[in-house]
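Chains as they are written, first to last, in the numbering used here: chain H, 5 to 363; chain W, 18 to 376; chain A, 72 to 378.
Keep in mind the hints are simulated off the structure, nothing from the lab.
Computed from a predicted structure; not experimentally measured.
Accuracy of the hints is not assured; some may be wrong.
[What the hints assert, rightly or not] In the BS3-like style, the derived pairs of lysine-lysine whose C-alpha atoms are separated by at most 27 Å in a straight line are: (1) Lys24(W) to Lys113(H); (2) Lys38(H) to Lys113(H); (3) Lys375(A) to Lys24(W).
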Amino acid sequence: MTEIDRRSLLAALGAAATLATIASPLRAQDGPLKVAFVYIGPVGDFGWTYAHDQGRLMVDEHFGAAVQTTFVENVAEGPDAERIIRQLAQEGNKLIFTTSFGYMNPTVKVAKQFPDVFFEHATGYQRADNLAIYNARFYEGRAVIGTMAAMMSETGTAGYIASFPIPEVVMGINAFTLAAQKVNPEFKTQVVWVSTWYDPAKEADAARALMDQGADMITQHTDSPAALQAAEERGAFAFGQATDMSQFAPKAHLTAIVDNWGPYYVKRVQAVLDGTWEASDTWSGMAQDEVVMSPFRENVPAEVAAAAETIIAETKAGTYHIFTGPIYDQEGTLRVPEGEMMSDADLLSMDWYVQGVAS
Amino acid sequence: MPIRLEKRREPSRSMLYATPAIAVGLTMLTGAVIFTAIGYNGFAAVWEIFVSPLIDPNRWQDLGVKAAPLIIIAVGLSFGFRANVWNIGAEGQYIMGALAGTGVALATWEMSGPWILPLMCVAGMLGGMAWAAVPALLRTRLGVNEILTTLMLTYVAVQVLYYLMNGPWKDPMGFNFPQTRLFNESQLLPTVIPQTLVHLGVPLAGVIAVAAWFVMTRTVFGFQIRTVGRAPAAARHAGFDANRTVWASLMIGGGLAGLAGVFEAAGPFGQMVPQFPVGYGFTAIIVAFLGRLHPLGIVLAGIVLAVTYIGGETAQTRLGLPDAAAGLFQAMTLFFLLATDVLVRYRIRFGADAKGAAA
Amino acid sequence: MTSVILVSMIMSIVGVSTPILLAALGELVAEKSGVLNLGVEGMMLIGAVSGFAVTYLTGSPWLGVIAAGACATLSALMFGYLTLSLTSNQVATGLALTIFGISLSSLVGESFVGLTVPSFGAVFPAGLSENPTLRLIFGHSPVVYFSLVMTWAVWHFLTNTRGGLILRAVGENDYSAHSIGYSVIAVRYAAVAFGGAMAGIAGSYYSMVLTPMWAEQLTAGRGWIALALVVFSVWRPVRLFFGAYLFGLVMTLELQSKAAGFNFAPPEFMAALPYLATVVVLALISMKKRRAMAAPACLGRPFKPAT
């Protein structure tokens, strides 16, 4: 047993040593650049993982034979992830994207063992010399749909189906509500926590319950299109999550906040090819086309579409920032003074709700 | 042509050892045909899933780490299965054991010392045993079927885990993410081979299997367990207390599952997260059967299952096979094993038999 | 206004309860014959994906639901062949069937992700099925009415027919049923096949009616709830019906109260409740020591007559 393991250890060390002696630039190497993606769900989830895989396909298309991409789906957060990331590094991948928050510690550990491989971790906060982090400003999209919801709602109440109260989700709920209240100061966001990212039947039931309680706009921070289908059958309106989900609810679907990872992935692969890759911290949004709204459909009235377009344009120009004071929390305490903007650090650790959120 | 089964007087020894190999062989063959039929390279798929992890020294440490919890749990279950005590809730006992160990870790997070880890292990075993004690009590006092109670309690255990992660045990510095703080140095299971993931639990899995083999074959208790399973009437006659056997097998099963839970939490995970349960408790049932309920057979079976998990991952990256392929191979292996199992207990006869009895 | 909410709440309850009721009815019959099939979740997923696929390809939800029942029955017969003809262990075979169903459905379903299918038309004329109040009775999917008919049919079969008597005899004492000339194996095959068909139709209710789409593991563990429910109802169809609707009521009320802005219990407690309740019921019925209320005596035991 020990003999075997010592040999495996030597082999691993040997592999690492060989990697270290390969001189950059990487283009000098034979064969295509190998790029790998680690996914939390199945590529067919039509949500978070699907969106990342669309980004991977864009890399394939953009670079053709110069780059070879692979992915591993349904990777559990924890030791399984660590093993798979290490294996991908051992198999000669030079750039590895790990696309879920729970991959943070595993990615950090493996990045230490493979100093010559570049790692990119989505939605986390730990960096290293060869470990970059990236995320998207989805809250910019939430501000757009918040505006649309308030303009189109008759009851002044939106139903928000949420998974877990992590900062990303809290931020989205707040951005949505703040934007809606700019249109209708009385606007209320009713949140239902379903404690799951994915359970179609439960998401649909939560949407129905919210509509029963007076919500006529449905939005979500869970992964399946089930809530849209529930809105469709009741004649309410809803917004898609992660991808354009209009085929599931042609009448109810107003627009979707689309995660467009492709441009970022292409840019980062290019950087590796050029030898200019750096362990950056990227939090892009609409300005970089990382967050885009799917095309407004005919069910969106012209003035609503116009208002939404204005916000998109101003967000891209950097003149619209939804988290600008004054912002009051649920208890009515002033959290952000007039004219001040919340810092990224404050946003990324947000654990309080703005006025008008009921949860 | 009529085929009938004729009961063997003694289970066939040669078939007992041959059938697991036959089952794996049939799975490989069927798998190759099926995956070729649906448009993949079937033989390459079988090669990647069943062979490549074995011949790649880089993968051996992964096999050990993956197989260890399966072996420990399956060895524990084999005692009960031999005595016809059907504890199928090892997953729940595994979770509760890990939670008990985590409780100790969180209570001692500012302390250090060599006593902490052993205390966590004891707590883990007690946690698993406590969770198994409920079905044991219900079975011995009220005659309640343990298959149903152990299964139901597994789902309760999962919810206990979620509750603790989302509430009381959430890392206060963790941005509201549902997970505990990281364990400190005195709470982590040491690695036995430097620079690898191979933790103390891996060699201990082997030790536990050998100890179980000794108990099963060389002690009165082992004899009792085997007799109760094979000839309940004889066991009663010999004065073996059926209730004591039920208690003993559930305590061994629960205790070892709990210990495996602590090993996994304090080893590869290094903290407790809601994603902790990945079905080891259920897979261990397959392992126990594939290993013929023999502790040493279970070691081999645990490695075979670990190979299919890890091979499934390489098949994804190298062949683009979906994640579900590995699951399909695991299910097929078990189906074939259960099907060929009949050869151990029965002889197959062709042609009509004199008495005309049909199978 | 409140009556509108009430009607739509009841519609939600029906939605939650129907598939669980169907799957549990099938499992009840299988267990009554003495076979414990833990593969309900797997069979539901096979039904869900085949129902969706056939509906998508043919445009007919009726063909879809038939395919769902048929494919799940095939998988149940595979289970039956192993456990009944080859006398393999039912627990292990059932778990294998679950893994098989999860994996196979995900493999087959890959090409159907992101699509949607037409659903059943209304059974009754629009005047009835779209009336705000009358839709409580007339506005459901055909599968809902089917589940009600099946509840009655299973109850009637088990209590009032000769076939039901034989089925129960086989489940209570297989060897004496065999010795008076009944084919234990044939009866169990039929019961297992019925369980498969019901689970398949239940699964297709998710992919075709409740949320008309295919996604991996769409049933999200409802098969285990169905298994719990059979025990919770102490193997009685009428109690099973009320148990399924009680489950639907509690789940719907939980979401409704959250949507109204107050949480009455941690969500984890609500999720654990069906399983906890089942364990409690098991303990209670055993305390009463009434034979008629306990599990079928041969549950999970292989049958192999000496030749």
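TODO: Would you list, in rising numerical order, the hints stated earlier that this structure does not obey?
DONE: Violated: hint 1 alone.
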